[in-house]
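Student: Next come the chains, spelled out residue by residue.
Number of protein chains: 4
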Amino acid sequence: MVNFESDYIAGAHPKLMQRLLETNLEPGAGYGDDRWSRSAERKILDACGCPDGSVFFLSGGTQVNVVAISALLRPWEGVVTAETGHIHVHEAGGLEAIGCKLLLLPERDGKLTAAAVRELTETVLADENREHVVWPGVVYVTNPTEWGSLYTRRELEDIAAVCRQYGLRLYLDGARLAYGLASRAADLDLKTIAALCDAFYIGGTKCGALCGEALVFPHGAPTHFANYTKKRLAMLAKGRVFGVQFDALFTDGLYWEIGRHGIEAAERLKEILRRHGLPTFRETPTNQQFVVLENEALARLREQVAVSYWSRADETHTVVRLATSWSTTEADLETLDRALGG
Amino acid sequence: MVNFESDYIAGAHPKLMQRLLETNLEPGAGYGDDRWSRSAERKILDACGCPDGSVFFLSGGTQVNVVAISALLRPWEGVVTAETGHIHVHEAGGLEAIGCKLLLLPERDGKLTAAAVRELTETVLADENREHVVWPGVVYVTNPTEWGSLYTRRELEDIAAVCRQYGLRLYLDGARLAYGLASRAADLDLKTIAALCDAFYIGGTKCGALCGEALVFPHGAPTHFANYTKKRLAMLAKGRVFGVQFDALFTDGLYWEIGRHGIEAAERLKEILRRHGLPTFRETPTNQQFVVLENEALARLREQVAVSYWSRADETHTVVRLATSWSTTEADLETLDRALGG
Amino acid sequence: MVNFESDYIAGAHPKLMQRLLETNLEPGAGYGDDRWSRSAERKILDACGCPDGSVFFLSGGTQVNVVAISALLRPWEGVVTAETGHIHVHEAGGLEAIGCKLLLLPERDGKLTAAAVRELTETVLADENREHVVWPGVVYVTNPTEWGSLYTRRELEDIAAVCRQYGLRLYLDGARLAYGLASRAADLDLKTIAALCDAFYIGGTKCGALCGEALVFPHGAPTHFANYTKKRLAMLAKGRVFGVQFDALFTDGLYWEIGRHGIEAAERLKEILRRHGLPTFRETPTNQQFVVLENEALARLREQVAVSYWSRADETHTVVRLATSWSTTEADLETLDRALGG
Amino acid sequence: MVNFESDYIAGAHPKLMQRLLETNLEPGAGYGDDRWSRSAERKILDACGCPDGSVFFLSGGTQVNVVAISALLRPWEGVVTAETGHIHVHEAGGLEAIGCKLLLLPERDGKLTAAAVRELTETVLADENREHVVWPGVVYVTNPTEWGSLYTRRELEDIAAVCRQYGLRLYLDGARLAYGLASRAADLDLKTIAALCDAFYIGGTKCGALCGEALVFPHGAPTHFANYTKKRLAMLAKGRVFGVQFDALFTDGLYWEIGRHGIEAAERLKEILRRHGLPTFRETPTNQQFVVLENEALARLREQVAVSYWSRADETHTVVRLATSWSTTEADLETLDRALGG
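Protein chains in written order, with my numbering: chain A, -12 to 329; chain B, -12 to 329; chain C, -12 to 329; chain D, -12 to 329.
Hints in this document: simulated from the structure, not taken from any laboratory. Glycine included, C-beta positions come from ideal geometry on N, C-alpha and C. It is possible that some hints are incorrect.
[Unchecked claim] Calculated pairs, DSS-like style, for lysine-lysine (alpha carbon to alpha carbon, straight line, at most 25 Å):
hint : chain 1 : residue 1 : chain 2 : residue 2
1    : D       : Lys30     : A       : Lys2
2    : D       : Lys30     : D       : Lys2
3    : B       : Lys178    : B       : Lys30
4    : C       : Lys30     : C       : Lys178
5    : A       : Lys178    : A       : Lys30
6    : C       : Lys30     : B       : Lys2
[Stated by the list, open to error] Sample of chain B residues at the chain C side, in silico, Cβ under 10 Å:
hint : residue
7    : Val54
8    : Leu91
9    : Pro93
10   : Gln152
11   : Lys193
Kindly produce the complete structure, drawing on both the sequences and the hints.
Tutor: See the structure below:
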C-alpha cells in the first residue's frame, strides 16, 4: 500500500530527527524561551529580511490561523476569506468558536482578488446601517492555496495595497509554503511576503517537521501575544520541540531543499496521472493534485493507493487529492504507476 | 417630514400603552414570573395550538435569534441560513460572537429551499473529513423574509421534513410575523408554524410593542433555558413589560388586527409607488417594499420622506426600503404621494 | 399581600409613563438615534460635569455590566471584583460567557479596598510566570454595593489612584445609584464619580424606569461601541424607550427625588424592623435591608409579606432582603408593621 | 549550571526518542487515526481497567484541561476547583476564554474536600435565585496537586460520591500522574482513578514525552469529541507523535519506571535541602519541592542552580520550586549539593 493522502503521512525529515536526538538531554527553558527557539527566530527573521520582527512557534495550522487572526481583529471586525479558505471549510469553526465572523468572497482559482476585497470594503463603508454589520478587518490568503494554486507577486501587492488603503491587516497562511517557494511557477519569495503581510506563518508540519508552524510578525507582534497564545491553549511547555526543528529547517537551506523535493515528486506525479488518462481536476503548480474519479474506480484504486477524499463531485463521482512531500520516494511513484496501470 | 423608514418608528399600539398604564403600580414578580407574562404565555400557546410548549420573552430580534439558536446547537454544529438571512447580514456577528458558525446557502426570493438544505447535509455526511467540518444543526428561516417574501406551507413542510430526516432543528424568525399572517398571500398560520418548528418567535417590536419578542418552544424548551437567557444578558428585571404587552397583543385578536392594518397600508403604498413609476425592486406581499433609486433622486426624496438605506445597487444607485406598520396613517400615505408627485 | 422583594416590583414612575404616552406616536429614528436619547444624553453629561463624554442606553444591569466591562478589557486582562460583586454572584457567568475572567478579592462591608487592588496588581507584575496569568485590567465597584453599603469619596479616590498608577480602568455599577446619591450617608456625587471612573452606569430599572440603564463614558467611549453593543445583543430597535425615560429622569431633579423617596421609606423600614426585634443583618444606609430569619418564621412572614431570598445562613436560618423604592407607600410600611406585630 | 526548574527541561525519555526514530518514515494516517495511537489507546485502557473507554491525545495540560472540561459542562454550569487549581492560577484564563466560569473553593493542602463540594452544591440548589447563578457541573481535582500533595483513595471516593449524588462530573488532572503513582505515599492507582472519574488525563509532557497528554474517558467520550478537539485547535495533524510516545510509555511499565526515577531523585533532593537547612515549605511526597528563600539568597543560588519562581512570600522572600523528573541525574543532585554548601 502506497500513501499519497497528504504531506503529513511521515514523521520528520531525518535531519530534524537527528537534531532532536542530539539536543535531547540538554536542559532548556520552558514555553519557548529556550536557546533553539531564539536561534530559529533569528534565522527566520534573517531569511525574511525583517530583523525587528517577532516569531512565535505553534503546533499546527488551524491553531496558528485562529490564534493569530483573532489577535489581529478588533471587536467590530471579521476576516475576509475566499469561500474555499481553510479557515472556512476545514477548521471546524475554530475562528467562530472564539467569536470571529468570516466574510466570504468568491474564489478565483482558489484565490481572493484585490477587486473583490475592495468592493466588499467600500460596500460596508457606504452602508448606512454599518453599526449592524461586521466590518472587514483581516484579509486571509493561503499560499499555496487550498487548491494548490499560487499568488503572483502582483496579485499579492494589489491585495496589500487595498489593505493599506483601508486599514485592513493582511495575513498569509503558509501551511505548504516550502512547496510554494520551490514551485517552478513561484513568483513570491519570503522577503516579499514579509514586506507585504502583517503576519504569516511558515509551515512546518507539512514541510518536514513532526509538528510546528513559525508565525512571523514582520513588523512586530500584538502586545502580550505570548500571554494570548497561552490563553488560547497554544503554548507548548517544551517549546524546544519547535525551536530545534525550525533551527534545522532554516540551516543550510533545508526548508528550500524540502520544497524542491516535494515539487519534483509532484511533477513526476502529474506526468504519471496524465499518462494514465487521469488529468488533474485543477491545474496546480505545487504539491497537491486533484483528480475526479468515478466512485467504483476510486474504491478499486484505494485497495492499493491511499488518497484523500476532497469533495463530492456528484452522485457518482468524487474529487480526491494526491499529495507529494519531502518524504515521497521514487519507489512510491513507481508503485502508483503500476497500480494505475493494472 | 413623513417617515417610512421602518416598522419601529413609533412607540407602542395605544391598547398596549393603556394596559401598561393600568397595571403600572401593581406589584409583580421579577424576571418573567409575573402574572401578565404567565397569562400571555397561555394565550400564545393557545393560539399556537401547543398547550405543552413554553414561551420566553426577550427584548429584540437579534437577541432572541442568538440566544435561542445557540441554545439549540450542539458543539459540533452550525446554523444553516440563506445568505440574505438577518443573522448573517444585520446582527453584527452576534452568533459568531458566542461561538456559532453560519453555513450559508443561496437565497431564492429571500428563502431557503429544502433541496439546498438536503444537499448541504448529505455533503457533510458523505465527507470523509467531517471531523474538520461544522455540521448543520439548526435551520434558520425568516417569515416574512428580509426581502418581504413568504414561505408557502408546502415549502416550510418540505424543509421541516428534511430537518426531521437528518435530526436538524427548525427555527423561524418571526420579527414581522403579524404582517406575514395578515398578508393576502399568507399560506401559513400560527398552528402550522408551531407544528413544523422546534422554536420560533412572534415579533413584538415591529408589530406594535415598545419592545419584546415572544420566543415559543412548541414542544418544550431546552433545559434551564431561563438561566441561559440570564447568562446571555437577555433577562429583563421587569419582565412584566413584555408580559403586559403580549397579553394585550393576544387579546381579542389585536395581533392580527395590527397585521391587517400594516398590510392594507402596504397595498396602498405599492399602488402609490406604481403610480409614480417607482416599481418595487422585488415583488413583496408584506409590509416592506424595496425600490432602486438614482442617488440624487434619493437625496431629493429624503428631504421630505424618511426611507431606509438597504444596499448599494451600483455606483450611482441605491436600494431603499419603505415600510408600513400598525402606525402608518392615511395622512402619511397622502404626504408620500404628494412628495413623489412634486 | 405587601411586597418588599425588590426595587423593581412596579412599573415606571408616573412621570415617565406620562412622557412615554405623550411621545408615543411621534416618529423617531431607531437604535438610539432619536431626539429623546440625544436630549437625555446631554442632560446626563451635564449632570455629570463631563460634556465631552458619551452615553449609551442599555436594557438592564447585567447587560450593561458585561457589555461595558468586556469592551474595556484587553485580551490578556481580567476584572477585579469583590467576591460579593454582582458580576460574580448573580449574573449567571455572563462575563465568563464571553471570555472574561474575574479576579476575586475579599470584600470588606461589601467593598473593595485600594490596598487589596494594589497588592493583587503588584503580585502579578512580580510574577515571573505572568504569561500564564490573567492580568488585572478593569476594577469593578458597585455603589451602593450588593450589601447596601456606600463608598466614601476617599475610598473611591484611593482606588482610582491605584488604577491610574497601574493603567487599570475603573468601572462603577450604579444599579441603585439614585438611592446611593440620596442616602443620608452619601459622600459621593455624580460629578466626582464621573471624574474618577472610566465608565459607570446610572441605574434606571431599579430607580423608576420600566427598563434601561445609562452607561456613561465620561472621557469618551471605546471605538465603535455602538457596533459592539449590537454584537452583544444589547441594542434596542426602539431606543426611544430609554431616551424618553431618562430624559424625564434628568428633568427637574426627578432622579434625586426618586432616590430620596426610597431612602425615606428605608429609614421607616429600619425603624419598624428594629421595633419588632429584627435588627438588620448588615447596617445599610441605602434602600436594601438584610435580615436573618429562622426558616419557619420566614415561611410565616411570607404569608403576608413578599421578601427576597438572599442566602443560606445555616441549616435553619436564611438571610432575606427587604427593599424600598420610589414606589413604596406609607400603606405598604403600615401593612408590614402589622404583619410583624402579629 | 544545573537545572531544577521543572520536570519539562529535557526532551523525551530515550526509549521514546528511539521509537520515534524507528517509526519515522513509516506512513501513517493523520489526526490520530494512526496505528500507534490506536495501540497506545488499547494499552492505556487496559492499564486503566476500562476496555470500553476512549482515549484522545492532546498537546499539553492547559489544552487538555480546557477542551475536556468544557466538553463536560452544560450551558448553565461551571467548574468547581480549589483556589490553587492550575485551571485557575496558571492557564491564563483559558476556560473563561471559551465561556466557562470557575467556582472557587478553599484548598486544604492543595486539595478540595468532599464536604466543601457538597456545601457549595446544596447552597446553589437551595438558592431561590438560582436562575441567576452558575451551577456546579464539573469538579476538577489535580493529582499530584499543584502543591505536590496527593489525594487518598478515601478522599477521592468521597468526592466521587458527592458527584454521583448530585449529577456532577469528576475530572482529574494528571499532569504529573507518573510521580503520583510512584510516590511512597501513593494510595491511588490507575484503575481506581478510572473507576471514580468521568474523565482524567495521564500526563506525558512532564513524565517523559516531548509533548502530549492522554485524555481518558473511562465510560465513553462526549459525542463527536474529535470534532470538538478540532474546533478547539487541539487536533494535531501528525497525531502519531503522541501515539508512538504513549505506546512506548505504556510498554513494559515504562510510565511507572519514569515515575519511580523522579520520586527517588525527589527523596534525595529533600534530604539535601534538609541537610542544608532549607526545609521544604510544604511537605510533599512527590517530585516538586517548595522552599522559601530570602530574595538575595535566591539571587545567589540562581547563579548556579535554575529554580522556578512560585509566588511572592512577602516583600523580602520568595517561594521557589525545585522539581525532579525522569531526567534528573545523580550528577545534578551532587552539583546542587555543592552549590548549597558553598
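Student: Checked against the structure, which of the hints given earlier come out wrong?
Tutor: 1, 6, 8, 9, 10
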